[in-house]
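**Q** Starting from the given sequences, assemble the full structure and let the hints guide the process.
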Amino acid sequence: MKRQQQLTILASRPLLGLIATVAILVVASVAPIIFNQPYFYYVSYIVLQYVILATAWNIFGGYAGYVNFGAAGFFGLGAYVSGYLYHTYNLGLLAGLVAAAAACAALGALVGYATARLRGLYFAIATLAISLLIQVVFINMPQVGQSFGFIVTPPPPPPPYPSYIAFLFPVMIAIALISVLASWFLLRSRFGIGLFSIKDDELAAESVGVPTFKLKLLAATMSGLFMGLAGAPFPYYQLYISPDIISFTISINSVAMPLIGGIGTLSGPVVGAVLLSAIQQVASVSISSDINVLIVGVLIIIFIVAAPDGLLGIFRRLIGKPSTQGEKS
Amino acid sequence: MTDDGGDFLSATHIFKSFGGIKALTDVSFKLKKGERVGLIGPNGSGKTTLLNIISGVFKPDSGRVVFEQTDITTRPAHARTEMGIARTFQVPRPFQTLSLLDNVKIAVMYGSRDHKKTKSGSSRASDTAKNLLKRLGLEPKEQTLPKELTQIDMRKMELARALAVGPKLLLLDEVMAGLTSDEVDEVLKILLSIHEEGITIVMVEHIMRAIMNFCERIVVLSEGRQIASGTTNEIANDREVIRVYLGE
Amino acid sequence: MLVDSIILGVLLGGFYAALSVGLTVSFGLVKIVNVAHPTFILVASYIIFSLNSMTAADPIVIGLLLTIPFFALGVALFLAYDRLFSGRSKGDQELIGLVFFFGVLVVLEIVLLRIFGVTERGITTSYSTSSTILFGVLLPDKFLFALIAGVIMIVALHLFFTRTFTGRAVRAVAEDEIAVMLMGGRPTRVKALATGLSMATAAVAGGLLIMVQPIYPSLDIQLVGLTFAVVILGGRRSLLGTLIASMFLGIATSVTATLLNVGLSLGVAYVILLATLALRPEGLFKR
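Protein chains in written order, with numbering that gives the first Met the number 0: chain A, 0 to 328; chain B, 0 to 247; chain C, 0 to 286.
Any given hint might turn out to be false.
Here are some chain B residues the structure puts well away from chain A; computed CB gaps all over 12 Å [unchecked claim]:
id : residue
1  : F7
2  : G18
3  : R63
4  : T149
5  : S221
6  : T231
7  : V240
Label pairs and their in silico Cβ distance ranges [what the hints assert, rightly or not]:
id : chain 1 : residue 1 : chain 2 : residue 2 : range
8  : C       : L239      : B       : E233      : 51 to 57 Å
9  : A       : A181      : C       : T54       : 58 to 64 Å
10 : C       : M0        : A       : P307      : 50 to 56 Å
11 : C       : L258      : A       : A173      : 46 to 52 Å
12 : C       : R279      : B       : T69       : 27 to 33 Å
13 : B       : E147      : C       : R82       : 23 to 29 Å
The hints are simulated quantities; they were obtained by calculation from the structure and are not laboratory data. In this text, a Cβ means the ideal position worked out from N, Cα and C, and glycines have one as well.
**A** If you want it as structure tokens, here you go:
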């Protein structure tokens, strides 16, 4: 089957994709004005947050094959930077987003620079250490309230939105769309195919002219940037920032969601994020919040053993397509 | 024993050890532009290591590698590829999740000297890759995944990928290993046509027929040292070479 | 004051060595990335806690008894791991193993959380608060025991790996598995045995852990940073490296706790890990 045929309608007709994106944005922006359903916005915030995190993780983890075990650290850094700027200097969400993106991009670049020479294994351990270190730093930093953290009083919602959480809905939709679009461009670009070649065989990639170090550095930076964006609105959602937000659960989910959805594809992380967030919301309400983490852990084991291509890989095998990467399913 | 070196490529006084194993000891290897040179020797003599040092997979412990008057001793492999040094691998290393066409296309996109003008979606990279596959008889298989390719197809893919970067120097690491006699001839024909385009070729091989038919000059390594260098005839009759290959 | 903290650091180093040596074996020699090793140590601690509350037996003694079932667990774990993942390519295997054990870590930690809750659990023994005076310095007995245990474990393993046939087989497999196969050896068996040993050390380390400090389910994550710092700084496979790196980290964390504060002391371990990865990822020693 020709690879061209495997690209979906949206991917091969960018105009349609653009229209869909704008449509989603418009609906998302208008809906909260009309429908005031705070519970829905609270739930969807978390789902969208994970869509962003999973997509960001996938850029370095799924495309290049470098597993990040410390997504919580990046997320937390983004949240702290954004929260601190608002709490101390009264700078709003936009400033928070920009600053968080910059800080986390820098962190991604730093970690990438230090470890891109090494095997992915050492990168993974380094990311775990970084996230732990970030938590230790914040626990000991008086400017952010050390282990107590600080409270955030949200600004009044921009009219005509009924509440700030309602306003955050289109914001998160927008960030999610940006990260998915960025991921999509990456997938189809020269940069993307370079990353895939690095994942397949880094030595061969280097030998055919792929500047592996530079590409890895860029991918790590991009991945960090989007994780920072995922964390930036968090202070406005939770209204409280403390070192506890650098929770291991976030790191676990950031690995599990792309894995279960389908690493290395565009929609895999999105599918995984939506599915797992939904399961976790249901489980934490009906059973308990740690059972849902247990479920994720079990799913990680099951999928890494039996279905490393994730749900998308299973789907593709069922309908008879070869498992090539770089496709939106 | 003459060393007809040249200033196209020169690797001088190369030393390389891995742990306690001395892979190369004071090896100097020079090439003139347009030569067809064979690099032979028993297993473990350092041939692949030498290729790896020229192509940039390893850096030598000491010694220099100069290509077209530029010192490339510490340059990363991808930079050398852009300068025009291409290689094939002893055991083919395809990108398993990319189609045959994409395997070659990526080399065009990244390795060719004017790659900066080539975008992923541009038809130029696709066309160049398709033409290469056509030349090597692989066109019908362009959408197949590497795991479905035969041994000779994979060797040809390695060649196509190496050619895709538009090389000036082509390093072949046992490209004929495991091929039938007919297939060896097929590859030899391809290599000769490549050479006619002005590409300098270094061939590491165990298949003597290929070496004798293809190479003008042969360098012999044994246990990390160069023990002979000369024309095909000279080497065929060199007592030291015979001893090293056949034992006393 | 500083001298005291350095000496305490040496004791701490022995404790860290006991925690990490299992990783030296499994990560360095068997080459499986068992990030869940500290979690297994924690599991052992909790088992010891439960048995201690029933029998009042000494935690280290229970730990020693646990080495046998833990050894079996290690063997089983490796055989399962091998069965599941041996088909993958070498490069994939490391990362896949990493994610797999990451999943194991999560599952075990939550199980511990469900059974024991978040409250810290501790054991008091006759020597929990006593100290010995050696060369004019006051040394807490529990850390003294940890040091002795840690050093004994390293020495015992060193002797095993250099003097016994099986031990040398493990090292041979770590060096060149194919060569061992060609010579008729059975690498899988050897690796399973080594993993069993690694788990057995976890049992003892579990006893030391609960003797030294109270435990809680999320302790394992912090220990991951610490133990990997030791093993990577020391040089993945080197027992001597593990010992020296443990001492270095022990002193570093102790001095940081004294000069700055306790909260930052683990942070120092993470910084050292990151610095090692950035500057000298192969660690201090080769073997």
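**Q** Given the hint of 27 to 33 Å, check if C:R279 and B:T69 actually sit that far apart at their C-beta atoms.
**A** holds (31 Å)
**Q** Since B:T231 was said not to touch the interface, does its Cβ keep a gap of more than 12 Å from each Cβ of chain A?
**A** holds (29 Å)
**Q** When you take the CB atoms of A:A181 and C:T54, is the distance between them in 58 to 64 Å?
**A** Since A:A181 and C:T54 have Cβ atoms about 59 Å apart, the given range 58 to 64 Å holds.
**Q** Quick one: are B:E147 and C:R82 within 23 to 29 Å, going by C-beta?
**A** holds (27 Å)
**Q** Does the Cβ distance between C:L258 and A:A173 fall inside 46 to 52 Å?
**A** holds (47 Å)
**Q** Taking the minimum C-beta separation from B:V240 to chain A, is that value above 12 Å?
**A** Given that every Cβ of chain A is farther than 12 Å from that of B:V240, nearest at about 30 Å, it holds.
**Q** Would the non-interface assignment of B:G18 survive a Cβ cutoff of 12 Å against chain A?
**A** Nearest chain A Cβ is 18 Å from B:G18, so the label holds.
**Q** Taking the minimum C-beta separation from B:S221 to chain A, is that value above 12 Å?
**A** B:S221 clear of chain A: closest Cβ-Cβ about 27 Å, beyond 12 Å.
**Q** Given the hint of 51 to 57 Å, is the C-beta distance from C:L239 to B:E233 inside that range or not?
**A** Cβ of C:L239 to Cβ of B:E233: about 53 Å, so the range 51 to 57 Å holds.
**Q** Would you assess whether B:F7, listed as outside the interface, keeps its beta-carbon beyond 12 Å of every beta-carbon in chain A?
**A** holds (20 Å)
**Q** Taking C-beta pairs only, is B:T149 more than 12 Å away from all of chain A?
**A** With a cut-off of 12 Å, B:T149 remains clear of chain A, as the shortest Cβ separation is near 18 Å.
**Q** Please test the hint of 50 to 56 Å on the beta carbon pair from C:M0 and A:P307.
**A** Between C:M0 and A:P307, where Cβ atoms are some 54 Å apart, the hint holds.
Of the numbered hints stated above, none is contradicted by the structure.
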